[in-house]
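Chain A is already provided as a structure; the job is to place chain B on it using the hints.
Residue numbers (the working numbering), protein chains in the order written: chain A, 1 to 229; chain B, 1 to 750.
Some hints here could point you the wrong way.
[Stated by the list, open to error] Capping the alpha-carbon separation at 20 angstroms, the derived lysine to any residue pairs in SDA-like fashion look like this: (1) B:Lys430 with A:Gln30; (2) B:Lys575 with A:Met211; (3) A:Lys109 with B:Thr156; (4) A:Lys2 with A:Asp43; (5) B:Lys407 with B:Pro676; (6) A:Lys109 with B:Lys349; (7) B:Lys349 with A:Asp38; (8) A:Lys109 with B:Ala431; (9) B:Lys575 with A:Gly182; (10) A:Lys2 with A:Leu23; (11) A:Lys109 with B:Lys575; (12) A:Lys73 with A:Glu193; (13) B:Lys464 with A:Lys2; (14) B:Lys349 with A:Gln30; (15) A:Lys109 with B:Ala740; (16) A:Lys195 with A:Ile163; (17) B:Lys349 with A:Gly54; (18) B:Lys430 with B:Gly88; (19) B:Lys735 with B:Gln450; (20) A:Lys41 with A:Leu125; (21) A:Lys109 with B:Lys430; (22) B:Lys464 with A:Pro210; (23) A:Lys109 with B:His435.
[Stated by the list, open to error] Computed footprint of chain A on chain B, listed as stretches where at least three residues anywhere in the stretch have a Cβ under 8 angstroms from a Cβ of chain A: (24) 170–178; (25) 427–437.
By construction, these hints were calculated from the structure, which means they are not laboratory data. Virtual Cβ for every residue (Gly too), placed ideally from N, Cα, C.
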Amino acid sequence: MKAAVLVFPGSNREGDVAQAIELVTGRKPQMVWHGDGDFEKTDLIVVPGGFSYGDYLRCGAMAAQSPVMAEVKKRAAQGVPVLAICNGFQIVTEAGLLPGTLMRNAHLKFVCSDVHLKVETSQSLFTNRYQAGQVIRVPVAHAEGNYFADDDTLKRLEDRGQIAFRYCAADGTVDGTGNPNGSIRNIAGVFNETKTVMGLMPHPENAVEPMFGGCDGKALFEGLVEALT
Amino acid sequence: MSGNGVSLEKNPPVKLPNEPTITPQIVAEHGLSPEEYQRVLAIMGRTPTMVELGIFSAMWSEHCSYKSSKVWLKKLPTKAPWVIQGPGENAGVIDIGDGQAAIFKMESHNHPSYIEPYQGAATGVGGILRDVFTMGARPVANLNALRFGDPKHPKTRHLVSGVVAGIGGYGNCMGIPTVGGETNFHAAYNGNILVNAMTVGIAPTDRIFYAAAAGVGNPLVYVGSKTGRDGIHGATMASTEFNEDSEEKRPTVQVGDPFVEKLLLEACLELMATDAIVAIQDMGAAGLTSSSFEMAAKGGLGVIVELDKVPMRETGMNPYELMLSESQERMLIVLKPGREELARRIFEKWELDFAVIGHLTDTERMVLSWHGDIVGNIPIPPLVTEAPVYERPWTLTPLPAVLEAAKVPAPKDWRASLLALMSCPDLASKAWIWHQYDHLIMGNTAIRPQDGDAALVRVNGGHKGLAMTSDCTPRYVQAHPETGGRQAVAEAWRNITAVGAKPLAVTDNMNFGNPQKPEIMGQFAGAIMGMAEACKVLDFPVVSGNVSLYNETEGRPILPTPTIGAVGVIDDIAKAVGSRLIQAGLGIVLIGETAGWLGQSLYLREACGREEGAPPPVDLAVERRNGDFVRSQIAMDRIEACHDISDGGLLVALAEMAIAGGTGMEIGQPPGNAVPSHAFFYGEDQGRYVIASGSADDIIEAAKAAGVPAVLLGYSGGASLVVKGLLSLPLSDIKAAHEAWLPGYMSATE
Numbered sequence: 001m002k003a004a005v006l007v008f009p010g011s012n013r014e015g016d017v018a019q020a021i022e023l024v025t026g027r028k029p030q031m032v033w034h035g036d037g038d039f040e041k042t043d044l045i046v047v048p049g050g051f052s053y054g055d056y057l058r059c060g061a062m063a064a065q066s067p068v069m070a071e072v073k074k075r076a077a078q079g080v081p082v083l084a085i086c087n088g089f090q091i092v093t094e095a096g097l098l099p100g101t102l103m104r105n106a107h108l109k110f111v112c113s114d115v116h117l118k119v120e121t122s123q124s125l126f127t128n129r130y131q132a133g134q135v136i137r138v139p140v141a142h143a144e145g146n147y148f149a150d151d152d153t154l155k156r157l158e159d160r161g162q163i164a165f166r167y168c169a170a171d172g173t174v175d176g177t178g179n180p181n182g183s184i185r186n187i188a189g190v191f192n193e194t195k196t197v198m199g200l201m202p203h204p205e206n207a208v209e210p211m212f213g214g215c216d217g218k219a220l221f222e223g224l225v226e227a228l229t
Numbered sequence: 001m002s003g004n005g006v007s008l009e010k011n012p013p014v015k016l017p018n019e020p021t022i023t024p025q026i027v028a029e030h031g032l033s034p035e036e037y038q039r040v041l042a043i044m045g046r047t048p049t050m051v052e053l054g055i056f057s058a059m060w061s062e063h064c065s066y067k068s069s070k071v072w073l074k075k076l077p078t079k080a081p082w083v084i085q086g087p088g089e090n091a092g093v094i095d096i097g098d099g100q101a102a103i104f105k106m107e108s109h110n111h112p113s114y115i116e117p118y119q120g121a122a123t124g125v126g127g128i129l130r131d132v133f134t135m136g137a138r139p140v141a142n143l144n145a146l147r148f149g150d151p152k153h154p155k156t157r158h159l160v161s162g163v164v165a166g167i168g169g170y171g172n173c174m175g176i177p178t179v180g181g182e183t184n185f186h187a188a189y190n191g192n193i194l195v196n197a198m199t200v201g202i203a204p205t206d207r208i209f210y211a212a213a214a215g216v217g218n219p220l221v222y223v224g225s226k227t228g229r230d231g232i233h234g235a236t237m238a239s240t241e242f243n244e245d246s247e248e249k250r251p252t253v254q255v256g257d258p259f260v261e262k263l264l265l266e267a268c269l270e271l272m273a274t275d276a277i278v279a280i281q282d283m284g285a286a287g288l289t290s291s292s293f294e295m296a297a298k299g300g301l302g303v304i305v306e307l308d309k310v311p312m313r314e315t316g317m318n319p320y321e322l323m324l325s326e327s328q329e330r331m332l333i334v335l336k337p338g339r340e341e342l343a344r345r346i347f348e349k350w351e352l353d354f355a356v357i358g359h360l361t362d363t364e365r366m367v368l369s370w371h372g373d374i375v376g377n378i379p380i381p382p383l384v385t386e387a388p389v390y391e392r393p394w395t396l397t398p399l400p401a402v403l404e405a406a407k408v409p410a411p412k413d414w415r416a417s418l419l420a421l422m423s424c425p426d427l428a429s430k431a432w433i434w435h436q437y438d439h440l441i442m443g444n445t446a447i448r449p450q451d452g453d454a455a456l457v458r459v460n461g462g463h464k465g466l467a468m469t470s471d472c473t474p475r476y477v478q479a480h481p482e483t484g485g486r487q488a489v490a491e492a493w494r495n496i497t498a499v500g501a502k503p504l505a506v507t508d509n510m511n512f513g514n515p516q517k518p519e520i521m522g523q524f525a526g527a528i529m530g531m532a533e534a535c536k537v538l539d540f541p542v543v544s545g546n547v548s549l550y551n552e553t554e555g556r557p558i559l560p561t562p563t564i565g566a567v568g569v570i571d572d573i574a575k576a577v578g579s580r581l582i583q584a585g586l587g588i589v590l591i592g593e594t595a596g597w598l599g600q601s602l603y604l605r606e607a608c609g610r611e612e613g614a615p616p617p618v619d620l621a622v623e624r625r626n627g628d629f630v631r632s633q634i635a636m637d638r639i640e641a642c643h644d645i646s647d648g649g650l651l652v653a654l655a656e657m658a659i660a661g662g663t664g665m666e667i668g669q670p671p672g673n674a675v676p677s678h679a680f681f682y683g684e685d686q687g688r689y690v691i692a693s694g695s696a697d698d699i700i701e702a703a704k705a706a707g708v709p710a711v712l713l714g715y716s717g718g719a720s721l722v723v724k725g726l727l728s729l730p731l732s733d734i735k736a737a738h739e740a741w742l743p744g745y746m747s748a749t750e
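Same shape as in the complex, but just chain A (with noise of 0.2 angstroms):
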């Protein structure tokens, strides 16, 4: 599988997704600068968290407006499979790929903390290395994951089956209390219509060595390779 992570500026896990594929890969892959609308071909485009332009309008708004962003919308109507994580969630949501909004927490403040996810299907690129229904711990980092929307989007992604991860209870319940920040029905990552793109707001790829947050992230990146290489 070849990978291409976007780096914009105030970028900051990057560096961690470029592991995370390199640790299930074994090749690094290839950087791609916000200024570049031509970077090479690839058969997955990883949009990375961290505060692109410093996030100083509304997360993920200017970073949506740049030139590599046209690109990636280009080749993901191509069919081109993007995972957007945490800032890239909101990059990809700002640019029309995703549909809903990520909102400010609902206490208002950052929360860096690990969190249970239920995996709501198999049945898609990003998460066939898991069985439905699933709880899998990976962390959250963000101040604005804040799922939201309206009751129809909300309706034709539930029946679509366009639902990725709801954050849970360490039991699977999905209630309140593994709700880390408010998000609409603890909705933690969802697809387009196609299943190619995958936006979430927490983090597989600080979670992929035992040592260092457990490796419940690890099987979504392998997932990817199996289905792309």
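Same frame as chain A, but now just chain B:
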């Protein structure tokens, strides 16, 4: 023009339009004493211009010159075979093997954080990060030591909220994990909080950058943010006491932009990978003044600065403002000749300002020009060599009488006493704070906050781990500074040891009151004596540090707080241990001697409402012997969990291990031990650890052979903390009490 510097220097400075005449009042407003001003006149041989006066004021401020502390700081040991760079540079540098160096320092941002907590704390983090990446290191971890006033004080909640948000806001955006620290509350900090921030970075040992300028004619380059009017005279403000007008000093607090600093970090590291840099220095306290001055002074050279070329954020700025602004996220670089375009391309790629603003000369003078006119011309060496150094009168704090355990009442209700301690502001969980800090970014955090005595971060590309901690027990230092200084170093050493790492070096952040009072200077002197002795016996040199004096409001000083930041290394990170008890059936072993020392203990303060007695003595030879033993047992894989015994004593340490790992235990005071139970369980004797082990017998036997006191207290298991004959408490109750206090406090409205 810059090429014609020599002839320019012959011109006397011109007087700028609207420049005031220097009066005794203006001198006093610059924080210079009449005697110090006489020195200025002697050095200059004439009346200085305003910008020159401002430069003297900043360079001779306590903050920049260490004039009251210098004679004492010299007493600290600073050398060891693994020390690459000791105090005097932007940060200390130690060799951690495999061609890698750890570069670290702790620095205070106390005064600004009290006036404007968010920006004060944020720029404190920004400043210490720059100190570390200036030297070529990529920062890999942040820590912070915070001291707030009484939780009941009306300002405390606002200050906690702002400081924590500021630290998080800056560090999170930079993408550097904030992995450790400490937070205390005491009424002595009501009007003067402490915000001490520490950064640790990693660099190849052969790619370390220093501040000493070299090469006459080499260009002086300004990079980063534009210069505005913020923070003018920050260094001078940090060198005086607070009074009721201090709120008016808000404009002297700088405003941070972590996004720009992130760009600056990446751009600097990119430039550092080339061979273009001769010297580099961040613009911190006293901004362009101290950075340009220090680079030239360290290189034995002169410098011409063309101030009109400095990138400016505002119109109408004058030389005085440009030299004294403390605008953030700026760096000064001396480039090799001809490398300007290479450097410019890198900084322009990162959309940062880049300007050649002068060059080096051989005149040993700092010459400032402004649109072709000379506006300042100062000889550099005398400003350094003739800087005031004070041997201020000092009175040592006498050792208070030892408080016998018999004179301290035992708890009437053991359960209530433990719950009260576990939920008191100093011991209550600080999760509300560190969950606001990204402590996981970079994917190398092996021991997270609260999971071990020291934070542990993997060094990229290997199995090595860096252990880091920050420690000080101000109430001990207040009671007897010498003991307190010794204890602060010993506890830092112990915390590094408790995760299995070898303690290597220290950065010290000395926070004290007004040094012009002999008893405050005596606290400083005593603390240094204790620290120096501990650093020496423990082979734990001081490689960097910072002094913050005048931490007083309306004449009331803070508790003397010499914060010790420390770094250690473990070669195989897989061998490290945390303090969480996660396994049943392990032997719980107490290492070290327990005499039952209750003087200055948290039990005494929280349960009895008394702050008295001598603090626990620190026997450094015993400290070393016990610590070396524990570390050796960790290296032999005999230990599953380890926790040092500090605030709150043994029972608190056991409770912390149990609730962190979700495993209970049943223990008891060893048979034949004659120490009264409340002193045995709540005493704060030093040099002790609790370990959990599947081979407790082997450890106790090995301890006997090593002359280390070790005794089995009981075994892990169950969901309660059971102390035979004294108490049985479900872990869920302890956890609830421990975790509820801070969130409850912060969400209360009044």
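Status of each hint after checking the structure:
1. For a cut-off of 20 angstroms, the pair hint linking lysine 430 (chain B) to glutamine 30 (chain A) is broken: about 40 angstroms separates their Cα positions.
2. About 11 angstroms separates the Cα atoms of lysine 575 (chain B) and methionine 211 (chain A), which keeps this hinted pair within 20 angstroms; it holds.
3. For the hint linking lysine 109 (chain A) to threonine 156 (chain B), the alpha-carbon distance of about 18 angstroms falls within 20 angstroms, and the restraint holds.
4. Distance hint between lysine 2 (chain A) and aspartate 43 (chain A) is fulfilled; the C-alpha atoms sit about 5 angstroms from each other, no more than 20 angstroms.
5. Restraint check: the Cα-Cα separation between lysine 407 (chain B) and proline 676 (chain B) comes to about 11 angstroms, which is no more than 20 angstroms; the hinted pair holds.
6. For the suggested pair lysine 109 (chain A) and lysine 349 (chain B), the alpha carbons sit about 33 angstroms apart, so the restraint of at most 20 angstroms is broken.
7. Taking the CA atoms of lysine 349 (chain B) and aspartate 38 (chain A), the gap is near 17 angstroms; set against the 20 angstroms cutoff, the hint holds.
8. Only pairs whose Cα atoms come within 20 angstroms are accepted, and lysine 109 (chain A) paired with alanine 431 (chain B) is accepted, the gap being roughly 13 angstroms.
9. The straight-line distance between the Cα atoms of lysine 575 (chain B) and glycine 182 (chain A) is roughly 39 angstroms, outside the 20 angstroms bound, and the hint therefore fails.
10. The suggested pairing of lysine 2 (chain A) with leucine 23 (chain A) holds, with an alpha-carbon distance near 13 angstroms, which does not exceed 20 angstroms.
11. At roughly 35 angstroms between alpha-carbon atoms, lysine 109 (chain A) and lysine 575 (chain B) are farther apart than 20 angstroms, so this suggested pair is violated.
12. Restraint check for lysine 73 (chain A) and glutamate 193 (chain A): satisfied, since their Cα atoms lie roughly 14 angstroms apart, inside the 20 angstroms limit.
13. In summary, the hint linking lysine 464 (chain B) to lysine 2 (chain A) is not supported, as the alpha carbons are separated by about 30 angstroms, beyond the 20 angstroms threshold.
14. Simply put, lysine 349 (chain B) and glutamine 30 (chain A) have alpha-carbon atoms about 19 angstroms apart, close enough for the 20 angstroms limit, and the pair holds.
15. At roughly 18 angstroms between alpha-carbon atoms, lysine 109 (chain A) and alanine 740 (chain B) fall within 20 angstroms of each other, so this suggested pair holds.
16. For the hint linking lysine 195 (chain A) to isoleucine 163 (chain A), the alpha-carbon distance of about 10 angstroms falls within 20 angstroms, and the restraint holds.
17. Annotation: proposed proximity of lysine 349 (chain B) to glycine 54 (chain A) holds, straight-line Cα distance about 16 angstroms (limit 20 angstroms).
18. About 34 angstroms separates the Cα atoms of lysine 430 (chain B) and glycine 88 (chain B), which puts this hinted pair outside 20 angstroms; it is violated.
19. A C-alpha spacing of about 13 angstroms is found between lysine 735 (chain B) and glutamine 450 (chain B), which places the hinted pair at or below 20 angstroms, so the restraint holds.
20. Between lysine 41 (chain A) and leucine 125 (chain A), the direct Cα distance comes to roughly 19 angstroms. Compliance with the 20 angstroms bound is thereby established for this hinted pair.
21. Of the pairs offered as hints, the one joining lysine 109 (chain A) and lysine 430 (chain B) holds, with about 15 angstroms between alpha carbons and a cut-off of 20 angstroms not exceeded.
22. Restraint check for lysine 464 (chain B) and proline 210 (chain A): the C-alpha separation of about 16 angstroms stays at or below 20 angstroms, so the hint holds.
23. Taking the CA atoms of lysine 109 (chain A) and histidine 435 (chain B), the gap is near 9 angstroms; set against the 20 angstroms cutoff, the hint holds.
24. Judged by the Cβ-Cβ criterion of 8 angstroms, the segment 170–178 of chain B is covered by chain A as claimed, because 4 of its residues qualify and three suffice.
25. Residues of the segment 427–437 of chain B with a Cβ under 8 angstroms from some Cβ of chain A number 4, which satisfies the need for three, so the listed coverage holds.
When held up to the earlier numbered hints, the structure conflicts with 1, 6, 9, 11, 13, 18 and fits the remainder.
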